[in-house]
Every structure is written in C-alpha cells, then in structure tokens.
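*Asks:* Full structure from sequences and hints, please.
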Amino acid sequence: MKIHLTTGVERNFGDELNAWLWPELFPALFDGAADGINFIGIGSILDRRLPASGLNVVLGTGTGYARPPDVQAAPARWRIYGVRGPLTARLMSLPDDAAISDPAILLARHPRWQARPTAGGGTLFVPHWKSVRFGQWPEACAMAGVEFVDPRADAKAVVHRIATARLVIAESMHAAIVADALRVPWIPIVLSREVAPFKWTDWAATVGVEYTPLRLAPSSPLEALRDKVLMHSSFAHIGAWHAQPWHEQPRRTGGPRELAWTREQLLGEHARATARSEQFWRRRASVLAEMVLKRLARLGPALRERFAPGVYPRFLEQAAEQLHQVLASPPRLSNDGAHERALQRCDDAVARLQADRRAGRLASRRAAALPPTPPMQPMPPAQPALGEAAVLPGRTPERLGAKLR
Numbered sequence: 001m002k003i004h005l006t007t008g009v010e011r012n013f014g015d016e017l018n019a020w021l022w023p024e025l026f027p028a029l030f031d032g033a034a035d036g037i038n039f040i041g042i043g044s045i046l047d048r049r050l051p052a053s054g055l056n057v058v059l060g061t062g063t064g065y066a067r068p069p070d071v072q073a074a075p076a077r078w079r080i081y082g083v084r085g086p087l088t089a090r091l092m093s094l095p096d097d098a099a100i101s102d103p104a105i106l107l108a109r110h111p112r113w114q115a116r117p118t119a120g121g122g123t124l125f126v127p128h129w130k131s132v133r134f135g136q137w138p139e140a141c142a143m144a145g146v147e148f149v150d151p152r153a154d155a156k157a158v159v160h161r162i163a164t165a166r167l168v169i170a171e172s173m174h175a176a177i178v179a180d181a182l183r184v185p186w187i188p189i190v191l192s193r194e195v196a197p198f199k200w201t202d203w204a205a206t207v208g209v210e211y212t213p214l215r216l217a218p219s220s221p222l223e224a225l226r227d228k229v230l231m232h233s234s235f236a237h238i239g240a241w242h243a244q245p246w247h248e249q250p251r252r253t254g255g256p257r258e259l260a261w262t263r264e265q266l267l268g269e270h271a272r273a274t275a276r277s278e279q280f281w282r283r284r285a286s287v288l289a290e291m292v293l294k295r296l297a298r299l300g301p302a303l304r305e306r307f308a309p310g311v312y313p314r315f316l317e318q319a320a321e322q323l324h325q326v327l328a329s330p331p332r333l334s335n336d337g338a339h340e341r342a343l344q345r346c347d348d349a350v351a352r353l354q355a356d357r358r359a360g361r362l363a364s365r366r367a368a369a370l371p372p373t374p375p376m377q378p379m380p381p382a383q384p385a386l387g388e389a390a391v392l393p394g395r396t397p398e399r400l401g402a403k404l405r
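So for the sequence shown, the numbering used here puts the first residue at 1; every next one is plus one.
Because the hints were derived from the structure by calculation, they are not lab data. Computed from a predicted model, the values in this text were never measured in an experiment. It is possible that part of the hints are untrue.
Once the Cα atoms are required to be at most 27 Å apart in a straight line, the calculated DSS-like pairs of lysine-lysine come out as [to be verified]:
no., residue 1, residue 2
1, K156, K2
2, K130, K294
3, K130, K156
With beta-carbon atoms standing in for the labels, derived distance ranges [to be verified]:
no., residue 1, residue 2, range
4, A33, D150, 29 to 39 Å
5, Q325, A115, 27 to 37 Å
6, L296, T262, 31 to 41 Å
The beta carbon of each residue, even a glycine, is placed where N, CA and C say it ideally should be.
*Replies:* Laid out in structure tokens, this is it:
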C-alpha cells in the first residue's frame, strides 16, 4: 500500500505528517509497494484530484477545498474507513458514525510523544503556511514575547515544539490538531480569508470543541491589500468579514474579533467557494494576482520606508498589541473524554484496515470482476444519497458527542 502524498511549491508541516507518521506507527501496513492501493490519510484532500486508478483507501481524510470525489462512478475503487468529521460525512452522504476525527490525533500513540513531554516551552504562534509571506508577524511575535513557528519548517521539529509548548496560537489547523492531540491548550486565530472554517469545524466537532476564531487585523499594508484581493479570489473561503452570513462580535474595543458560523452557513459558503475555485478565469486571475503580491513582499525595509514612510511601524505596533490581547483570551482544549473517544475511533478504523489487509480483502476489491461493496446505511430523505458508493467496514453505530451550532 502506498501513501498518497500532496506536493506543492512550499512545504506545509500538516501535509508532511503523512510521509512519516503512518510508516512509523504501522510499518507492516505501509510498505510503499506498487500494488495499486492508494492510502488517503491526513489532510483536506478528499476531492476529484485523487488517483484515478487502483483502490483508494480513505481513513480520516476531509474535504474542504474542492468537490468530493464521485465515488458512485466507480464504487469498487473505494474503501472508506472513516472521514475527518460530520461535515465531510454529510457531503459524502455517509452515515454519522463515519466521522472519526483527523488522524493526526494518532500522534498521541507515537512513542516519541506518548509520554506527554513536560511543557517547558512558551507560547507559540503558528500561522497558515500562506500567511507567512505577507505580514510582519515574526516581528510582532518578538515584540509580544511569543515564539513564531514557520509551518513550512521540518514537520517533526514543528510537532516537537508544539508538544513542549505552554500554549499555541494557531491559524494553521494542524497546529491546533497536534496541540489538542498532545494536550496543549490552543487559541484559534484568522489572518487570511484562505482559512477554511468548514474544515476547522469539521474536525472540531469530533473532539467537542466549538470553532470561534479571533480575527486579527493585518500586520502590514501588503497584508491589508491582499485581504482586499482575496475577496475576489478563487483561493478565499471566507467572504465579507462584517456582513451576513459571517457573524463578527468584538471582544473588546479595537481588539481582535471573534467569528462564528452556523452549520448551514458553513455548507453554503463551502459550496460557493468551491464553485468559485472551478471558474477558470477566476483561478487564472487569482494566480497572477498572487504572483504580483509575492513580488511586492520581497521589497526590503528601505524601499518600504521610502514609499510608505512610517506606515509599516504603525501596522507592526497594532499587530503586537493584538497578540497581547489574544494572550488574555481563554484557550481551547478538548476534554479528556472527548479526546479519548476520538482517538479510539481512529484506532478502530486502523484496526479494521489492518484486518482487511491481513485477510486479503483489499487486494480482492481491486479485481474489476467483483461486484461493488454492500450499500451504506441510508441517509435521511432530505439528504441526496450518492448511492452504493462506499462502505464503512465493520462499523458499529456510534453517534458523535459533539454537535455543531
């Protein structure tokens, strides 16, 4: 079985967890053999860009950036052991107990971190990997006494820093997931419209936590400009900050603002964002605009001061003050019971996969002559079913304890 890995222009520690976490925890399963079995694990990669040949094994994957795959078109090519959360399950027309959690929670089973290292570190700030380039957050963190962590750094190094931290301020979703898995308190923030509340809420529901991030104002003029550009971009997953359907409540005058979404708003905005991302002209224009913004980001301090005297320092001071206010906000951490239940669901999913692998059932599923798998449990009539597209092997009915607002 071969792990499906995503590759991009820049590294992202959340995506890179797949490359080593699975082989180190379950070496017998992941031998890298070219046997036509594709393992789809950690990440928001459950979409129509997945391999078009072989058997796709899904365990804990979520959707979030594009339309989910049409499993009905070739049901014999899919084996679903669970998805990230209830929103993904709904889009895939899967039963409620298909939502297991993000499998990065299995870091709690890794020998290196299973002992729960004593938190001797300080407070970390981990932005979304695409937010790093445009703001002055490293400088703002230094002013606020917070340690800036680049999510594009080595994945194991990032995980270890999170494991030994006292608190994690996270725009990166996997920074929060790893922190919660290793029992480190965290505070969710939003710097960019590229953050996808859909996928955050999808995961948070499985550990009984509500996703209500703090929106921080831009730390640089370029970051403010990029926010305006993203309003029309195919990369955006948040529409207007102040208008419906996005609710924004001030925590304090001039400070960060707390965002919240209902389930229906998340599903509706996800559909709109997905449709925008499929518009060829918009995507091409978005790529070109991003190229221009990246060039502007390379301007040195001397040029910035020449063309915008005194502006960057004012943005920087505001950003540092916001971080001080974030530190005064209550942190999040799933309760031990919810955490253990999510971890057990992922353990059970892996155990079913191991059993099928030992029994040779995965190999037999690849034979085109065999009939598709038995049908899933039906969804309520109001939900359009995808048909007999996938099966959750050996599942016993189990409802998620967390509910979306």
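*Asks:* Compare the structure with each hint and give your call.
*Replies:* Against the structure, the hints:
1. K156 - K2: Cα-Cα ~21 Å, so holds.
2. K130 - K294: holds (11 Å)
3. K130 - K156: The given pair, whose Cα atoms are some 20 Å apart, holds under the 27 Å limit.
4. A33 - D150: 29 to 39 Å: 34 Å Cβ-Cβ, so the 29 to 39 Å window holds.
5. Q325 - A115: 27 to 37 Å: Because 34 Å falls inside the window, the suggested range holds.
6. L296 - T262: 31 to 41 Å: holds (37 Å)
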